[in-house]
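Visitor: Single-letter residue listing:
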Amino acid sequence: MPDTDTPLLECRGLTKSFATPQGALTVLDGIDLVLERGESLALMGESGSGKSTLMHLVAGLDSFDRGSLRLGGEELGELSDRPLARLRRERIGLIFQQFHLVPSLDVRANLTLQARLAGRFDPDWCAHLLDRLELAGLERRYPEQLSGGQQQRLAIGRALAVRPELVLADEPTGNLDERAAGAVLELLLNLIDEHGCALMMITHSPAVAAPLKRRYRLTHGRLVDTTTDGA
Amino acid sequence: MTGQLTLWRTLFSHYRRHPGQLAMALLGIVLAGALYSGVQTINDQARDSFARAEAMLGGERVDRLQAPAGDQLQQADFVQLRRAGVPVSPLVRGQVTLENGQQLTLLGLDLPTLPPAMQPDAGAAGGSGTLGGSFMQPPWQLRLAPDSARALGLQSGDRPRLGDGRRLPPITLQPRLAPDSGITDIAAAAALLERGRHIDALLLPHSATLPPSLADRYRRVSADQALAPGELSASFRLNLTAMGLLALVVGLFIVHSAMGLALSQRLDSLAVLRALGVSRRALVTGVLIELLVLGVAGAILGLIAGVGLAGLLMPGVSQTLASLYDERVAGAVMLTPRAIASGLGMTLLGTLTAGLTTLRHAAGINVLASAHAAFEARGGMRRRLRLAALGAIVLLGAALLWWRLASASGGLLEGHRLAASFVVVAGLLIGSALGLPALLDGAITLFTRAGRRATLHWLLADTRAQLPRLSLALAALLLALSANLGVSGMVGGFRLTFLDWLDQRLSAELFVHAPADRVEAMQQWLAGQPGVGTVQRLRQLEGRVAGRPVDVRALPIDSHTRARWPLLNATADPWQRVARQDSVLINEQLARQLQRQPGDSLDFTTPEGRFNATIAGIYADYGNPRGELTLARAAAEGRWPTSADRTSLLLYDLHGDRQALAGQLQRHFALTGEDMIDQPALKQRARQVFERTFAITRALNALTLGVAALALLSALLALGRWRRARLAPLWAMGLTRRWLALASAGQILLLVLLTALLALPLGVLLNQALVALINVEAFGWRLPLHVFPLQLLQSVLVAGVVALLGGAITALQLWRTPPRRLLEEFRS
Amino acid sequence: MTFDHARARRLLPLLLCLLLGACNGGREEHEQTGQGFADLGSAASGYRHARPGQTLSFPRDHGPHPGYRIEWWYLTANLHDSDGHTYGVQWTLFRQALAPPGEHPPASATGAWQSDQMWMANAAISSPEGHFALERFARGGTGQAGVTAQPFSAWLDDWQLSATGENLTPMQVEAGGTTSSGRTLGYRLQLEASGPLVLQGDQGFSRKSPDGQGSYYYSQPFLEAEGQLRLDGKRVAVEGRAWLDREWSSQLLGGDQRGWDWFSLHLDDGSRLMAFRLRGARHFISGSWIAPDGTVTPLGGDRLSLEPLATSRVADRELPLKWRITLPGRSLELTVEAEYADQWMDTAFPYWEGAVKVSGDRAGEGYLEMTGY
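Protein chains in written order, with the UniProt record's numbering: chain A, 1 to 231; chain B, 1 to 828; chain C, 1 to 373.
If you're looking for bench data, these hints aren't it; they were derived computationally from the structure. A portion of the hints provided could be inaccurate.
[Stated by the list, open to error] Cross-link-like lysine to any residue pairs, in silico, SDA-like; alpha carbons within 25 angstroms at most:
#1 C:Lys234 x B:Thr209
#2 C:Lys234 x B:Ala208
#3 C:Lys234 x B:Ala84
[To be verified] The following label-pair restraints were derived from C-beta to C-beta distances:
#4 B:Leu288 x A:Arg66: 35 to 41 angstroms
#5 B:Ser407 x A:Phe18: 58 to 64 angstroms
#6 B:Arg562 x C:Thr184: 56 to 62 angstroms
No experiment lies behind these values; they were computed from the predicted model shown. Beta carbons: idealized from backbone N, C-alpha and C, even for Gly.
Modelling step: build the complete structure from the supplied sequences, incorporating the hints.
Guide: This is the structure in structure tokens:
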């Protein structure tokens, strides 16, 4: 089990730039960030400000240029593809704006997919999640037969089924109408609470960010703590 | 482990949801595998049958002694040679017709003197043991291969009845004997074939020497210089193999596009899997296993289908080989471990090759970037130009090699000329396929310049944009169409030329071998028969050119001869020269061997000395592997003793019953049935052979073309979603779905028709390479190039049908797309 | 289909069986050789049989006797070159009838190749360099092989034993060829008789078992030989003594007899000894003492003993290559020993046939044949 004394997530001087025809574009310029276990954090910023990039780095989906990124004490920059993949499937739950469900798998298979990939499928927990996400009875349906809200609830279930230490959500309600968005968000926060894992969520909506413990804004590659701003 | 299992199940779940794609991918593999395995099976069968036939007469280790032209070997020859210490063994060989009309070749052997090389290997030595007793004593034994016995509906112990009621010896099964050939004691065979003391050949170990005093009295034919049906049929089989490989390649295009379709639809899912913590290696392994499972399943099904195909084609192939090369092929299909391994192996390898792109994509899948962007075709024009440059180099190489082959003999290519010819053909095909995308691109760009209207402009530009995704399928179509044209052009030309030639050369209605002592009497008798038109006398002799024996024909030079000997190439007034007795005609084979032209001189040896003649002309002599020389009958007088004479009478312009006349001749002059050749019947048989060959070619061509069409259609299906994303904005800008559907169909039509037009010259070129290179190297004679406009038209029409089908699929896909789907393209 | 060794081995035990007689006892061989064997007993009934009291007549009886099942012309020679090396030469022509006379329609009705007669010839040279054996086969009726009585000639292919004069003298014999191992060999000898033909047994009837089976058997044991051997291109001039045996029969042996040991010895005092032992439940021993003038004294089992002294391993078999021959009536004891151990005839029908030397009360040389080992 990971050492509980170290923070869950610790970024120091994290820097990332992309090559463009106009030269290197620095998206993240020395990010320092610490996230404790069970903490929730909202990441806000303009389109293209680098929110998603930061999240991808945290998820081990992309590599950074400089700095240090430790997840539960492990330095991500030193891991190769296989341990990174393992870390991702065992410790992180990912929720995308586009849901990214596997269209050829039914609801149950999609929900349990990551848990099964990680080898820690827990039927009771999954049944509980189905229940809580109001997907019970829809197990044999395929994603295309679900509403947008249902699809996103399924994506949340998939992320939580593995009992991750950290859930990364990229605009989880961005594709939903207002009513569905509210319901999904509430459910997500409740489940995160219930499960006791940390949450890092990208959103551009202050309303969505509001219930989270800490709020940050990314501008010009720098992270600004706005937790106390107009809360 | 559970993680791996989940991964595989997730990957396969795609096919559960889209069984059509699975079916398409499998169909591709099965078709490719079936064509390849089918052709290979036929080949193996032919090779095996030939090996068996060869082994039965000792192969290369046993030579044959034959009587000089005009003579027949006798038992006394055998005894005289044995008593001179020459280890010859007599052979009697002939056909018998069974009661049910089936033919069986009967080989009569003399066990006590059989050359050691004709002893079967230990594995085949099974069977009943009282050889000397029952093999050599009445009622003797008829040894048959088990498959021959099955094919004739006979089993061990049976005594099949002949058409005339006599019985063959009881059957004993012995593996590895040539198909449709039975071995029996020479006493039994001579009696059944009514040979008396005549024998057909003397077998002699290749290592044995013939004393000089006897060497002149016999024609020694060794396996390497003989009729070599092995080589002839090898080239036929080489053609089959080439066709099988082509089918494999074309079939794998289907696999490629089917896998591509499955991939493009799963890219999102693959990216999700990576995001959910599946490592690159695990993902690649998963996709590889999927490929392997598909490949193995497809290969096994393909093998089964291939055997079925072989079973369908085999009778035709075996009849063709039998009639063309006197080579028997067992009619029943059998699968050797080799054939199974090669069929499965090639198909699986092909599947993996076709799936390489999928694997590469799976390995390089970008978790972050838009899946569609990742699948975006790379390169575009630059890549096309690179391919085209490569294609041009290949074509240039092929052209150079062709030129070398056509202009020079000897040198580095010697001994590999046939292989080099096949390299030329392969180069033509590959080079053209490589150049196709750039050519299509260029053609469309030209159209674009010509067009002014914005919609047309867009349409053409969009067609260009589709090229990278369709070029592989279009290349497959190009190959299939041009191979189709080339091969059917060659076979058609062969048929036309050969039948023409047969009509001329076999214009005599009855061909009668006349024994030297009866020829005068026969001519007188014939002169007195009503309904007999012209009777020509032909002497068949033998001479030597450059130390090698050649057949010599001595003919009267009259109007009949002139009319019936088409010359390929001649000096002025060739017949007058021949009639003057200082010139001769030679067949194409001899001309190629000696590299002589009309007008060159030719030195040859006759029994009475040397003869220096001028070559007045060269005639076609299809199907004859030996060199031949023809001269005026008067020129043969004095150069060959009459005792060496083997005279035949050619009977033209017969009115009345040919069969009756033949019967009368036979009775009157004590001739055997084998002395008379009913030429119209022979021509009829030759015609049937070609019809069968034609049918096989047609069947294989149709299959290849079908496979290519399927490849194109599956590529179009794979394009569907991508097309929708490109067309959605146009729909949004106010073009109707109907217009877009028709426009899309038009684009496909344009691409396919352009490809078909390119296939036309390529097909003709291929045809030319086949007749002028491969045929010459394999058979020793060249066919004139025949272009069949109807075939060309047919090809374009077939391509048009394929295009319409493809267009219809594209159009239907769009037509049936609800506007909501098009709208979705904007949302993501 | 073909005449490979494996098959020939199955064919030729049949020949051996014919040599040996009815073959009632050889059950194992019945199994091995297949169905054709079972008929032999009854088939034998159609043949003519050798009986005592028949007078042999020459030159007629030099020729073949197709009514009898088996017949041979058997020449062996003990030769020496100028360096004193010892050589042995064998030339044998066997004739075998495959069916009794009249069982099959005559050849004239069945064609030019049908014949009930099979011919087999063996030729061998024993030399200091080794033993070389050749064999040839032929069907009857074609002229490839045959025997004529007057003038005498026996041949198969270019192998030939023929007389230019009356009564088998002078004769010439020749044979040659390439062995399966690629050695070429051959010989040509002139043979001149220095004594008369000898009728073995009872005026030419030689009993082979207590049951009365036997054969017609005469010999020419007084042949002086001179000629040339060819061994892989090397030519060797040789001279020495030769022995011709002629024998024919339809049922040679008793049922339980398995093989024989057969001696033909030239003794230095000019006499000759022929002795054989047929091995069965009880050995049957017989022989002839031939005085230098050709006078024959038949030797029964009580006046002749043959005793193996030592065996050697040849061709995977234990063969008695050293013998003691005792003639009690003449107080004669001879030791017979093989010149070379390996004189094995690795032919379709394998046997040991080779030159021997004689010591003891008389010196001499000769040939020993051992079958059925």
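Visitor: It remains to establish, for every hint, whether it holds in the given structure.
Guide: Now the hints, each set against the structure:
1. Taken as a hint, the lysine 234 of chain C and threonine 209 of chain B pair is honoured in the structure, with Cα atoms around 20 angstroms apart against an allowance of 25 angstroms.
2. Among the hinted pairs, lysine 234 of chain C with alanine 208 of chain B is consistent with the structure: their alpha-carbon atoms are about 20 angstroms apart, no more than 25 angstroms.
3. Of the supplied pair hints, the one linking lysine 234 of chain C and alanine 84 of chain B holds, its CA atoms being roughly 22 angstroms apart against a limit of 25 angstroms.
4. For the pair leucine 288 of chain B and arginine 66 of chain A, the supplied restraint of 35 to 41 angstroms holds, since their beta-carbon distance comes to about 36 angstroms.
5. Take serine 407 of chain B and phenylalanine 18 of chain A: their Cβ atoms lie about 60 angstroms apart, and the range 58 to 64 angstroms holds.
6. Taken as a hint, the range 56 to 62 angstroms holds for the pair arginine 562 of chain B and threonine 184 of chain C, whose Cβ atoms sit roughly 58 angstroms apart.
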